[in-house]
Amino acid sequence: MPDLAWFVIRRLFGALLVMLALSLAVYLVFYAIPADPARLACGKPCTPDRLEQARHFMQLDQSTLQQYLSFLKGVFAGRTFGDGTAAVHCNAPCFGYSFPLARPVTTLILDRLPVTASIALGAAVLWLLLGVSLGVIAALNRGRILDRLAIGVALVGVSTPSFLLGLLAILVFGFWLNMVPVNGYVPFTESPVDWAWHLITPWIVLAILQAASYIRLTRSQMLEELNLDYITTARAKGAGELRVVLTHGLRGVLVPVVTLFGLDLGGLLGGAILTEKVFSMQGLGDLLITAVGSLDVAVVVGVTLFSAFLIILANLVVDIVHGLLDPRVSHG
Amino acid sequence: MSSSVAGTVSPTRQALRRVRRDRSARVGAVLVVLLIVIAAAAPLLVRLAGQDATTYHIDLLDPNRGNAPAGALGGISGSHWFGVEPLTGRDLFSIVVLGLRTSLTIAVVVTAITTVVGTLAGISAAYFGGWYDAIMSRLLDFLFGFPQLVFMIALGIIIPARFPRWLLLILVLSFFGWAGLARLIRNQARSLVTREFVEAARSVGSSGWMVITRELLPNLLGPVLVIATLAIPGYIGAEAALSFLGVGVPPPTPSLGRSISDSIAWVYTGADPWFLLFPGAVLFLAVLGFTLLGDGVRDAFDVRLRRTS
Numbered sequence: 001m002p003d004l005a006w007f008v009i010r011r012l013f014g015a016l017l018v019m020l021a022l023s024l025a026v027y028l029v030f031y032a033i034p035a036d037p038a039r040l041a042c043g044k045p046c047t048p049d050r051l052e053q054a055r056h057f058m059q060l061d062q063s064t065l066q067q068y069l070s071f072l073k074g075v076f077a078g079r080t081f082g083d084g085t086a087a088v089h090c091n092a093p094c095f096g097y098s099f100p101l102a103r104p105v106t107t108l109i110l111d112r113l114p115v116t117a118s119i120a121l122g123a124a125v126l127w128l129l130l131g132v133s134l135g136v137i138a139a140l141n142r143g144r145i146l147d148r149l150a151i152g153v154a155l156v157g158v159s160t161p162s163f164l165l166g167l168l169a170i171l172v173f174g175f176w177l178n179m180v181p182v183n184g185y186v187p188f189t190e191s192p193v194d195w196a197w198h199l200i201t202p203w204i205v206l207a208i209l210q211a212a213s214y215i216r217l218t219r220s221q222m223l224e225e226l227n228l229d230y231i232t233t234a235r236a237k238g239a240g241e242l243r244v245v246l247t248h249g250l251r252g253v254l255v256p257v258v259t260l261f262g263l264d265l266g267g268l269l270g271g272a273i274l275t276e277k278v279f280s281m282q283g284l285g286d287l288l289i290t291a292v293g294s295l296d297v298a299v300v301v302g303v304t305l306f307s308a309f310l311i312i313l314a315n316l317v318v319d320i321v322h323g324l325l326d327p328r329v330s331h332g
Numbered sequence: 001m002s003s004s005v006a007g008t009v010s011p012t013r014q015a016l017r018r019v020r021r022d023r024s025a026r027v028g029a030v031l032v033v034l035l036i037v038i039a040a041a042a043p044l045l046v047r048l049a050g051q052d053a054t055t056y057h058i059d060l061l062d063p064n065r066g067n068a069p070a071g072a073l074g075g076i077s078g079s080h081w082f083g084v085e086p087l088t089g090r091d092l093f094s095i096v097v098l099g100l101r102t103s104l105t106i107a108v109v110v111t112a113i114t115t116v117v118g119t120l121a122g123i124s125a126a127y128f129g130g131w132y133d134a135i136m137s138r139l140l141d142f143l144f145g146f147p148q149l150v151f152m153i154a155l156g157i158i159i160p161a162r163f164p165r166w167l168l169l170i171l172v173l174s175f176f177g178w179a180g181l182a183r184l185i186r187n188q189a190r191s192l193v194t195r196e197f198v199e200a201a202r203s204v205g206s207s208g209w210m211v212i213t214r215e216l217l218p219n220l221l222g223p224v225l226v227i228a229t230l231a232i233p234g235y236i237g238a239e240a241a242l243s244f245l246g247v248g249v250p251p252p253t254p255s256l257g258r259s260i261s262d263s264i265a266w267v268y269t270g271a272d273p274w275f276l277l278f279p280g281a282v283l284f285l286a287v288l289g290f291t292l293l294g295d296g297v298r299d300a301f302d303v304r305l306r307r308t309s
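The listed protein sequences derive, respectively, from chains A and B.
According to the numbering used here, the first sequence holds residues 1 to 332 in order.
According to the numbering used here, the second sequence holds residues 1 to 309 in order.
Among the hints, erroneous ones may be present.
Between beta-carbon pairs, the in silico distance windows are [as the list claims (entries may be wrong)]:
(1) A:L246 to B:G130: 42 to 48 Å
(2) B:R13 to A:G152: 27 to 33 Å
(3) A:S220 to B:L139: 26 to 32 Å
(4) B:G208 to A:A102: 56 to 62 Å
(5) A:V193 to B:S79: 40 to 46 Å
(6) A:F76 to B:R195: 47 to 53 Å
(7) A:W197 to B:G78: 43 to 49 Å
(8) A:D49 to B:G130: 55 to 61 Å
(9) B:G208 to A:N91: 26 to 32 Å
Computed far set for chain A versus chain B, every beta-carbon distance over 12 Å [as the list claims (entries may be wrong)]:
(10) Q67
(11) A169
(12) T189
(13) Y230
Calculated from the structure, these hints are not laboratory results.
From the three backbone atoms N, C-alpha and C, an ideal C-beta is built for every residue, glycine too.
Same shape as in the complex, but just chain A (with noise of 0.2 Å):
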């Protein structure tokens, strides 16, 4: 599949060419901060050449492009703050180093990602079996009681913002019913039983407010594929009904709710992280939010790259699957 592969290569190039083009201009906003990182670090008393040395240190003291320059570097390859016996290393990639908590951006990330990320992928495993079915039920059954139910919980979950949705659950089956945790996470490596058990909440809640969205598509677009020719051909042909709405109806169906998801990836982080705060889960969210809080702009900066490579990553690989999907798209 030569078509194919010039397709994949292409997109790698342009996500690539993004990525530089995004850090650059995230670079030049958040050395725009009013506050001065090297200031926050030298401490009281802090004498101009005191003030010098941590600037010095901490490479301030470099144009803001050069500054960049040693960012990307440290992606690529590391950079030492430093030298002598103070020096401070930063290994590959290196997305920053924070000097108020003495940690590694990178470090930092890594012990958080793994909160929003099992946050994440869990409710969008979810929400895409829950939304594909229930849509496919709700096209099957159009117009009765089944069909409304669908329409009216996808309703509702467009209407109700997702922290006042995990509170509602929290209160009503962790408080009232005492069925499942209220809050707090284990780490899938402690017990990967409990590491479920406490995120069955958080899951459920992110997959049925986006659930939602993916109910009405696949409804909509299901409808529109059964009534196309081929479908009654198939028909006429004398598949049965299970058959031709999962092979064929299903696959009409495939490529929207896919372009919906590659759409939706951005906002999926978001809901981790505000979902994180309600279930008092510390996650990126929270990192981030601390940050910002103590102006600490090589966190900010880090948590902000990282995160936008991340949602460009998964873009790639859902237009990738996007082109598997529908041929259309990589011969286009």
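Given the coordinates of chain A, assemble chain B onto it according to the supplied hints.
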């Protein structure tokens, strides 16, 4: 009116007639009007209740229950219609209606800004086409699939503390908000650009600006109205989300999102669920009302909105 007039009724008026006949759209409209009146009259209502959103009423709290409101239903009484806030004893009714006022104001202002910017960007991209459209489309793709919330939180660090947060909130929401609208309008406008009446206007020498404002814009009013109505609940939710995360409207300005965030600890222990339920219900009704109305308007104008191009 006689039947001969029926043929001259404008499509917009026909659509509005259809909205009036749609039951869920009517429910949405009633909710929206009600909430807007409450938000507009909030300071008056608060004074009518004889309360304000800042006075502490420590005497209404129960120290034995960790300073949760004393009495049933979060301390509801004749003078405190929604009870009081735990820990401070401030009047919850005042906080909720003034918070609703904050939310709706920000959502409406952001919708106005993004509608104007998004419509102009979308129409001009469709009309001029070529490299302008290509760059615009890339930019939209970029803004659209973006971890917006992360950026909105992060931007808080570069803004000096003296810069008013509500203005920052409006600017940030607008900055990321216009892209979605621009894309939808662009796709709608693209199907119009090749139509005969546009060709005709162009062939008699109308300038680009004239074609856009006189020919394209009137034909896109329906979609613009639909998208704007459907955008409002999104911004209500986004404002609440940012305030919930502690990067939105700062205290002492009341905000539904921040109240909900403050209620987390009281929900975990179940000590005062009403602190969540009152602001939560108002937030839910506001989003639901605008969504129902927006869906109704969309069906009435028969606009097919594709999120994908």
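Indicate whether the distance between the beta carbons of G208 (chain B) and N91 (chain A) respects the range 26 to 32 Å. 54 Å, violated
When you take the CB atoms of V193 (chain A) and S79 (chain B), is the distance between them in 40 to 46 Å? 50 Å, violated
Given a hint of 56 to 62 Å, does the C-beta separation of G208 (chain B) and A102 (chain A) actually sit inside it? 57 Å Cβ-Cβ, so the 56 to 62 Å window holds.
Are S220 (chain A) and L139 (chain B) spaced within 26 to 32 Å by their CB atoms? 29 Å, holds
Satisfaction of the hinted span 55 to 61 Å by the C-beta atoms belonging to D49 (chain A) and G130 (chain B): 57 Å, holds
Holds or violated: is the Cβ of Q67 (chain A) farther than 12 Å from all Cβ atoms of chain B? 15 Å, holds
L246 (chain A) and G130 (chain B), beta-carbon distance inside 42 to 48 Å? 44 Å, holds
Measuring from beta carbon to beta carbon, are F76 (chain A) and R195 (chain B) in 47 to 53 Å? Since the Cβ atoms of F76 (chain A) and R195 (chain B) sit about 51 Å apart, the hinted range of 47 to 53 Å holds.
12 Å Cβ clearance of Y230 (chain A) from chain B: Answer for Y230 (chain A): holds, closest chain B Cβ roughly 22 Å.
Given a hinted range of 43 to 49 Å, is it respected by the beta-carbon distance of W197 (chain A) and G78 (chain B)? At 45 Å between Cβs, range holds.
Regarding the assertion that T189 (chain A) does not contact chain B, is the least Cβ-Cβ distance greater than 12 Å? Fine: 26 Å to the nearest Cβ keeps T189 (chain A) off the interface.
With respect to the beta-carbon atoms only, verify the hint that R13 (chain B) and G152 (chain A) lie 27 to 33 Å apart. For G152 (chain A) against R13 (chain B), whose Cβ atoms are near 31 Å apart, the range 27 to 33 Å holds.
When held up to the earlier numbered hints, the structure conflicts with 5, 9 and 11 and fits the remainder.
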